[in-house]
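Enquirer: Residue numbers (my numbering), protein chains in the order written: chain W, -15 to 90; chain F, -15 to 90; chain S, -15 to 90; chain P, -15 to 90.
Each hint should be verified, as a subset may be incorrect.
Any copy, or any two copies together, can satisfy a pair, since identical chains are not distinguished.
[Claimed, not checked] Taking lysine to any residue pairs in the SDA-like style, the calculated list, with each CA pair at most 20 Å apart, reads:
hint, residue 1, residue 2
1, Lys(-11), Val58
2, Lys74, Arg89
3, Lys86, Pro76
4, Lys(-11), Arg62
5, Lys74, Thr85
6, Lys83, Arg62
7, Lys67, Asp54
8, Lys67, Thr85
9, Lys86, Pro(-12)
Bear in mind the hints are in silico, worked out from the structure with no lab data behind them.
Protein chains: 4
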Amino acid sequence: MPDPKVLAELRAFVSERDWSQFHSPENLAKSISIEAAELLECFQWNSDADQARLVEELADVLTYCYLMADRLEVDADRIVADKLQSSRSKYPADQARGKSTKYDRL
Amino acid sequence: MPDPKVLAELRAFVSERDWSQFHSPENLAKSISIEAAELLECFQWNSDADQARLVEELADVLTYCYLMADRLEVDADRIVADKLQSSRSKYPADQARGKSTKYDRL
Amino acid sequence: MPDPKVLAELRAFVSERDWSQFHSPENLAKSISIEAAELLECFQWNSDADQARLVEELADVLTYCYLMADRLEVDADRIVADKLQSSRSKYPADQARGKSTKYDRL
Amino acid sequence: MPDPKVLAELRAFVSERDWSQFHSPENLAKSISIEAAELLECFQWNSDADQARLVEELADVLTYCYLMADRLEVDADRIVADKLQSSRSKYPADQARGKSTKYDRL
């Protein structure tokens, strides 16, 4: 995951442009932050945002995340599932229910 | 995508804690930026970073991206594939090859 | 601080446009993150950046920081000096010298 | 600006720890984004935030901004005033009044 077909398309896109030279983990981390801020910009002055613009900015963040997972040789879905496992113990359902409190203050 | 099983686990995790009330698109966008910065922090003073820490921070960004896609009722992989389609025309392979130049200056 | 003349100019700029309604602390915090990412974008693919562009992006971050300090009714320089005071004890010069290690691992 | 006394204190703090080696413009830009996200984290799940925590996080952003201005050999207040000058023409008061619209859509 992502879907092997999408991952293959991403890799081909990068390879055809000879861009993997730019995709160090550090540069990808910067890129994820930059795109995340463009997503945030949809909400700069209010809580509503245009769905089409949101989707496009979210796609940019996801694209760099997938490229980074690929670079780190991990599976995007697998690491999400693993992290969820640890979040379950940090945030026991009965203590965390209905609260946005951080785990170290639960 | 993400894998239906992972998506189901994410939804159950949120639902068991009654957290969907906090997951407005705006709050998720803020969360993506916050987690992206924690990923960037791995590279604050140098270009090397611990793989285990990187993977964990990347998982946090991905988790909020998946939750946002779910909230917007779009498929994470589909929007990545759609965006790639438009990037292909913005960055023709023969013009963009080996260059990190932004499309509007190609 | 900032220079009372610059602060007065900033306030007049906002007031003439009736923009203080948009400048909640939360919106200013989002704006600071958004502008910080534009500054980071100068370094997305390499370590060099155009000085004129850097200066302009840095000015945008500073502008929102000054507006936020003003909104919180604190003096920008005073809070920097106060924080420096606490950083001095977190990072004793003899232990921190030449190291980029975070204080909790010193 | 910042106040010469605060600037001198900042420089001494860095110099006593031999930290200027870490303060490339790129690393400072990353640091500004990282600290901006910690400020944003105060508002992750709601619009209210603890004033003391806000002030401390804002101070961190400002500190790195001042260090970056110093590194770029520009005066923080001067560049804010210069940028304000250009914002005045991008956002004429009579067209921008009461609107959060970006200049290119005014």
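Enquirer: Hint by hint, say whether it matches the structure.
Expert: So, going through the hints one by one against the coordinates:
no.: 1; hint: Lys(-11) <-> Val58; in the structure: both (16 Å within a copy, 18 Å between copies)
no.: 2; hint: Lys74 <-> Arg89; in the structure: within (11 Å within a copy, 23 Å between copies)
no.: 3; hint: Lys86 <-> Pro76; in the structure: within (12 Å within a copy, 30 Å between copies)
no.: 4; hint: Lys(-11) <-> Arg62; in the structure: both (17 Å within a copy, 11 Å between copies)
no.: 5; hint: Lys74 <-> Thr85; in the structure: within (12 Å within a copy, 26 Å between copies)
no.: 6; hint: Lys83 <-> Arg62; in the structure: neither (27 Å within a copy, 32 Å between copies)
no.: 7; hint: Lys67 <-> Asp54; in the structure: both (17 Å within a copy, 18 Å between copies)
no.: 8; hint: Lys67 <-> Thr85; in the structure: within (18 Å within a copy, 26 Å between copies)
no.: 9; hint: Lys86 <-> Pro(-12); in the structure: neither (35 Å within a copy, 28 Å between copies)
This entry does not satisfy hints 6 and 9, going by the numbered hints stated previously.
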